[in-house]
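Asks: Construct all of the structure, not just a fragment, from the sequences and the given hints.
The listed protein sequences correspond, in order, to chains A and B. For the first sequence, the working numbering begins at 1 and goes up steadily by one. For the second sequence, the working numbering begins at 1 and goes up steadily by one.
Since the hints were made in silico from the structure, they are not lab data. Mixed in with the good hints, there may be bad ones.
Mimicking EDC-like on lysine to aspartate or glutamate, the simulated pairs with C-alpha atoms at most 20 Å apart in a straight line are [claimed, not checked]:
1) B:68 / A:402
2) B:49 / A:402
3) A:391 / A:426
4) A:406 / A:395
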Amino acid sequence: MKITTHLRKTAFLVAFLAALGGLLGVGASQVQAAGKVVNISYWHVNAQTQGGAAVDDLVKNFNKTHPNIQVSAKYNPNMYQGLMQNLQSAQASNKVPDIVQVGWAYTNYFGSNFKYLTPTAAQSKFDKNSHFITKNFTKRTLSFAKDSNGKLVGLPYSLSTPILYYNKTMLDKYGIKASDLATWEGVSGAAKKIKAASGNYGLYIQEPGDTWAQQAVLLSNGAKIIQKGKAAFDSKKGQAAYQLYQDMVVKDKTALHTPWAQGMDAFVNGKVAIAYTTVAQASHVKSSVNFDVQAITSPHFKGQKAVVPVGGSMLAITAQKTSQQKAAWVFEKYMYDNSSLVTWSKGTGYLPPTSSALKDQTFKSYVNDNPMLKPAIAQIDTAVPWTSFPKNGLDAEQTMIDARDKILAGSSVKSTLKAAQEKINEQQ
Amino acid sequence: MNSSKQQHRVLTLLYLAPTALILLVFIVIPIIYTLYLSFFDWNLIAPTKNFVGWRNYLTIFTDPVNQKVLLNTLGYIGLLLVLNFAIPYVISIIVQFFIHKMQGVYKIIFFIPSLFSLVVGAMVFAWIMNPVSGPIALLLRQIGFTLPNWTNSGGLAIVMLCLITNWKVFGYNFVLLLTGLGSIPQNLIDAAQVDHIPKWRLIWDVVLPLNKSMAFYVLILTIVQGLQYVFTPINVITQGGPYYGSSNVLYHTYLNAFVLYKTGNASALAILTFVIFLILLFLEIKFVEGRDADAPI
Numbered sequence: 001m002k003i004t005t006h007l008r009k010t011a012f013l014v015a016f017l018a019a020l021g022g023l024l025g026v027g028a029s030q031v032q033a034a035g036k037v038v039n040i041s042y043w044h045v046n047a048q049t050q051g052g053a054a055v056d057d058l059v060k061n062f063n064k065t066h067p068n069i070q071v072s073a074k075y076n077p078n079m080y081q082g083l084m085q086n087l088q089s090a091q092a093s094n095k096v097p098d099i100v101q102v103g104w105a106y107t108n109y110f111g112s113n114f115k116y117l118t119p120t121a122a123q124s125k126f127d128k129n130s131h132f133i134t135k136n137f138t139k140r141t142l143s144f145a146k147d148s149n150g151k152l153v154g155l156p157y158s159l160s161t162p163i164l165y166y167n168k169t170m171l172d173k174y175g176i177k178a179s180d181l182a183t184w185e186g187v188s189g190a191a192k193k194i195k196a197a198s199g200n201y202g203l204y205i206q207e208p209g210d211t212w213a214q215q216a217v218l219l220s221n222g223a224k225i226i227q228k229g230k231a232a233f234d235s236k237k238g239q240a241a242y243q244l245y246q247d248m249v250v251k252d253k254t255a256l257h258t259p260w261a262q263g264m265d266a267f268v269n270g271k272v273a274i275a276y277t278t279v280a281q282a283s284h285v286k287s288s289v290n291f292d293v294q295a296i297t298s299p300h301f302k303g304q305k306a307v308v309p310v311g312g313s314m315l316a317i318t319a320q321k322t323s324q325q326k327a328a329w330v331f332e333k334y335m336y337d338n339s340s341l342v343t344w345s346k347g348t349g350y351l352p353p354t355s356s357a358l359k360d361q362t363f364k365s366y367v368n369d370n371p372m373l374k375p376a377i378a379q380i381d382t383a384v385p386w387t388s389f390p391k392n393g394l395d396a397e398q399t400m401i402d403a404r405d406k407i408l409a410g411s412s413v414k415s416t417l418k419a420a421q422e423k424i425n426e427q428q
Numbered sequence: 001m002n003s004s005k006q007q008h009r010v011l012t013l014l015y016l017a018p019t020a021l022i023l024l025v026f027i028v029i030p031i032i033y034t035l036y037l038s039f040f041d042w043n044l045i046a047p048t049k050n051f052v053g054w055r056n057y058l059t060i061f062t063d064p065v066n067q068k069v070l071l072n073t074l075g076y077i078g079l080l081l082v083l084n085f086a087i088p089y090v091i092s093i094i095v096q097f098f099i100h101k102m103q104g105v106y107k108i109i110f111f112i113p114s115l116f117s118l119v120v121g122a123m124v125f126a127w128i129m130n131p132v133s134g135p136i137a138l139l140l141r142q143i144g145f146t147l148p149n150w151t152n153s154g155g156l157a158i159v160m161l162c163l164i165t166n167w168k169v170f171g172y173n174f175v176l177l178l179t180g181l182g183s184i185p186q187n188l189i190d191a192a193q194v195d196h197i198p199k200w201r202l203i204w205d206v207v208l209p210l211n212k213s214m215a216f217y218v219l220i221l222t223i224v225q226g227l228q229y230v231f232t233p234i235n236v237i238t239q240g241g242p243y244y245g246s247s248n249v250l251y252h253t254y255l256n257a258f259v260l261y262k263t264g265n266a267s268a269l270a271i272l273t274f275v276i277f278l279i280l281l282f283l284e285i286k287f288v289e290g291r292d293a294d295a296p297i
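Replies: Pasting the structure below:
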């Protein structure tokens with residue numbers, strides 16, 4: 001008797017689960033039946049505090065003005081790395097989004113591992129006679145989004161460059177002028193002065209999970225990071241640049257060596273006089289300091305020119321079906337409207353990638369209110385693509401991070417750079 | 001009779017099936033797949049996997065970075081055992097047997113941090129303990145000391161990261177141990193007191209052996225869960241740096257798998273970790289539990 005009750009209960013449970021499954025199935029088929037409207041998904045990395053609100057506004061406005069296309073935006077935590085991780089899983093389960101933000105460091109990795117539609121192909125497929133790409137982007141800007149074979153992977157979307165922020169209040173106190181900071185030798189001298197007079201650190205160079213800023217230092221001494229597809233930073237000029245940086249950290253103790261968040265905390269709290277970091281930090285810096293803060297362009301070494309790698313991301317079309325690809329292309333073009341780009345720029349602190357948006361009146365007045373963006377804009381014309389090694393690029397970046405950490409802990413610059421370069425080139 | 005027995009068996013299997021299925025799908029199959037992947041060189045999405053035999057396992061022991069990470073892991077285990085097991089145990093004994101007032105208050109106060117997110121905790125600690133501009137550093141500077149720059153030293157970073165985990169785990173372990181101590185039959189303790197047995201002997205000879213099961217549970221929890229918990233502050237604050245100085249096996253596995261997409265290396269590391277944990281469990285069960293398998297838990 002008891003057993004039959006058990007059986008009945010079990011049967012009921014099974015029936016219930018089956019019914020639930022059926023309901024879900026019905027739901028899914030109804031969505032498919034709705035048809036007509038093309039649904040596409042857009043993956044971005046912007047949390048609410050980092051431009052997420054701007055993304056929502058843009059998508060909402062697009063959906064309102066384009067009744068046949070519905071875009072849903074999906075936020076991916078942990079920046080471009082997090083997005084790439086999610087894209088991996090999506091690809092594995094064959095449910096890829098239609099348009100994604102790809103960080104520069106992933107250009108080659110993305111290009112050689114994922115299926116995507118190049119902007120050039122999208123344009124010739126859906127906009128036969130249009131010159132959308134050449135009209136809006138300079139050759140230099142487009143070069144940022146090319147892989148090691150020279151193929152355009154996506155369209156540049158957000159640009160950033162490293163700039164030198166300084167605590168003007170502190171510098172004034174010790175008689176240091178902004179013009180003294182035009183060279184890295186000058187920065188080193190100023191840092192010494194500050195350390196001796198106040199005990200505070202003179203300089204902090206950002207140390208996130210990449211060597212973007214360190215590459216800028218090397219490039220600004222005339223060194224090359226990559227040459228003909230091989231690592232080339234272990235040169236006289238590369239060593240000299242790292243040596244100055246190491247001396248400041250290890251010997252003189254005038255530069256701070258610590259993870260990014262802590263370093264920026266120390267700067268905005270007035271414990272470090274100068275910070276070398278991305279322009280995307282401008283609004284954070286501006287809102288956190290209680291001293292006069294200003295910014296100038298990247299320093300260079302004496303007798304050399306300042307060269308900075310560009311940061312930010314591109315938009316790439318990962319949609320597989322033609323209808324989705326077309327919708328993604330329409331959405332992408334909307335995102336490059338001047339007004340969309342200005343909304344985007346204001347929301348994130350990145351610079352717009354098109355020349356017309358840079359000249360846009362609204363953007364200009366925004367820059368006038370936020371003068372720390374000016375040095376970054378001035379550098380865009382001379383910026384170079386972020387180094388992306390053709391093979392095993394992520395491993396190569398990790399090797400450069402390891403070399404940076406070793407050097408800043410006091411290891412010999414010469415032998416560390418040599419070992420790192422050999423390790424990377426073995427894999428190319 | 002026979003059919004009812006059979007029905008029983010069918011029902012037993014049926015009731016176990018959902019759990020077994022979940023275990024199979026989410027635990028057993030992934031472990032087998034990880035084992036399989038550990039013999040390949042693969043980046044998660046490339047269409048082909050290159051078979052490399054034991055190479056991934058060999059690199060674990062020959063690569064200096066992996067060696068460093070393995071050593072760090074031992075350091076973490078040692079420190080976590082002191083911070084999250086030994087100290088809470090001593091304090092729970094003090095609270096249970098030496099303090100008679102406000103036991104509940106202690107429980108609540110110690111337990112509160114375990115309700116907070118470890119990410120939030122890590123960020124707050126990183127700010128408080130910022131060696132240059134944090135409040136502790138400023139306070140120390142006022143009285144003439146300097147806080148060492150712990151982010152630049154692997155050893156100090158490990159200590160700091162363990163302390164953050166300790167903040168989170170301490171209360172939970174404390175409450176578990178205290179509950180274990182509270183369930184020791186009062187008549188045994190009363191009997192010992194009647195016989196005028198000194199308190200330290202009561203604790204050493206009666207309380208500790210009787211509370212062995214709970215202590216064993218917390219010990220295992222400290223090692224296995226501690227290494228996982230410490231992942232969060234590593235990821236938030238140091239990302240394993242300086243130069244892998246604060247990385248441990250779990251973070252290094254994550255780095256290989258989801259930052260560098262070296263699935264083979266990551267899988268080999270994961271399997272190694274799995275085997276180490278398995279051996280630990282086996283040893284503990286054999287030597288701690290096995291001696292008196294009939295003892296009540």
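Asks: Looking at the structure, which of the earlier hints fail to hold?
Replies: 2
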